[in-house]
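S.K.: Residue numbers (the working numbering), protein chains in the order written: chain A, 5 to 231; chain B, 5 to 231.
Mixed in with the good hints there might be a few duds.
Note that identical chains are pooled: a pair holds if it fits in a single copy or bridges any two copies.
[Said to hold, decoys possible] Straight-line C-alpha distance at most 20 Å; calculated EDC-like pairs for lysine to aspartate or glutamate:
#, residue 1, residue 2
1, K65, D91
2, K73, E48
3, K122, E35
4, K120, E48
5, K47, D114
6, K42, D114
7, K175, E48
Hint data in this document are derived by calculation from the structure and do not stem from the laboratory.
There are 2 protein chains.
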Amino acid sequence: MVLPGARRSLSSLSGILGRGRKIVAIGRNYEAHAKEMKAEKPKEPILFLKPTTSYVSQGGKVEIPAACKDLHHEVELGVVIGETCRDVRQADAERHIAGYTCLLDMTARDIQNAAKNKGLPWTVAKGYDSFTPMSEFIEKGRVRDPHDLELYCFVDNELRQKGNTRDMIFKIPELVAYISSIMTLEPGDVIATGTPEGVGQVKAGQVMRAGITGLVEISFPVVDRRP
Amino acid sequence: MVLPGARRSLSSLSGILGRGRKIVAIGRNYEAHAKEMKAEKPKEPILFLKPTTSYVSQGGKVEIPAACKDLHHEVELGVVIGETCRDVRQADAERHIAGYTCLLDMTARDIQNAAKNKGLPWTVAKGYDSFTPMSEFIEKGRVRDPHDLELYCFVDNELRQKGNTRDMIFKIPELVAYISSIMTLEPGDVIATGTPEGVGQVKAGQVMRAGITGLVEISFPVVDRRP
Ligand SMILES: [Mg+2]
Ligand SMILES: [Mg+2]
Ligand SMILES: [Mg+2]
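Only chain A is shown next, with the shape it has when bound in the complex:
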């Protein structure tokens, strides 16, 4: 299948990596996860940015920074933007989406908790290099319903997370509309739509295996970062 211009260049991970300028991530977008974080169900989407330098693709490793004592996995559906857009109406959101990806929003939970307690940004906790391992690009036509996808994450052979995108508090059209009312979205930008419950620690020597059932699977070893 030949894709139209803008989308063709996104049809590989290197296309996403090369073109996108931001990752807009959503906090607490599954009620059971908000609960496990002892947080309230949000009334509007909670946004934060991750730098695109945090991407790592299959074959790479996730590194635990020396400053982090509690690195957590968060498996998420990523939405890949196909066209520059702003003030998108929910009804039009779908046409600005090029496809999807499965990603892990790696989080230095100890650093994040310290930041939250001081009212400080989450940037360091979420932004280290290798903190966004990501699958190949999944062309939109391969996904029948993005709100009926099973997400899972194993650590070694233990199932840690299993959830369904139908449980998102804010659905994809709401997210695209809300984000684009604040900041322009551009081709290759990725929306990390939030994680279901079951987040937890990974340690050096373990392997994370995550995916979207029937669509894609990724596997990343975890190592200590050497300066």
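Fit chain B with the ligands to the supplied structure of chain A, relying on the hints for placement.
M.R.: Relative to chain A, chain B with the ligands alone:
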């Protein structure tokens, strides 16, 4: 003067806009500003990200979003990265810098205060389109000492901010070293080095005039955003 390859393409604002993928901003990097925010002097740099879609260059306007009732100006020195780098030592920082820019880190103070109180990210408060008005690129050779620059910001004809970069708590080499120990820096990335005291509200119909004495001046009208 002919600049070497990587830097030549940065020697215009469109070069920065086109190439950079992140703005890493520093919170509370001047003691008098930390004090006016009723915050402690930080023990390590406070980082947050702004999206590159927030840039606006001379000729454009700064828009007040409908959700914001208290938009603040923060005049800052921007450091423009010239080369991909990670784990930069302070002694080597200078060679990874292509030049400088003067920018305004526009901040929806009401939205930021609400976020701080809930331990939530500053992304929305800092990330709207037009929230990073920026000057032309200032080639490194034109700046004798980046730690002896006078920053100023007028609103209409009232002087609101006047400070000197010598009062930064964390100097530029410390910032480059600290940030690059967390995330890779890339050509065109901008470090917004923090604002001196005197931040305050701007309203629709006012004009901000800011600059670095002897080097550059920018002027941006403030308007209400129409959805
Ligand atoms: Mg997450
Ligand atoms: Mg960015
Ligand atoms: Mg600032």
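S.K.: Each hint should be assessed against the structure and marked as holding or not.
M.R.: For each hint, the structure was consulted:
no. : hint       : in the structure
1   : K65 / D91  : between (37 Å within a copy, 18 Å between copies)
2   : K73 / E48  : between (31 Å within a copy, 18 Å between copies)
3   : K122 / E35 : between (24 Å within a copy, 18 Å between copies)
4   : K120 / E48 : both (18 Å within a copy, 16 Å between copies)
5   : K47 / D114 : between (25 Å within a copy, 17 Å between copies)
6   : K42 / D114 : within (15 Å within a copy, 25 Å between copies)
7   : K175 / E48 : within (11 Å within a copy, 37 Å between copies)
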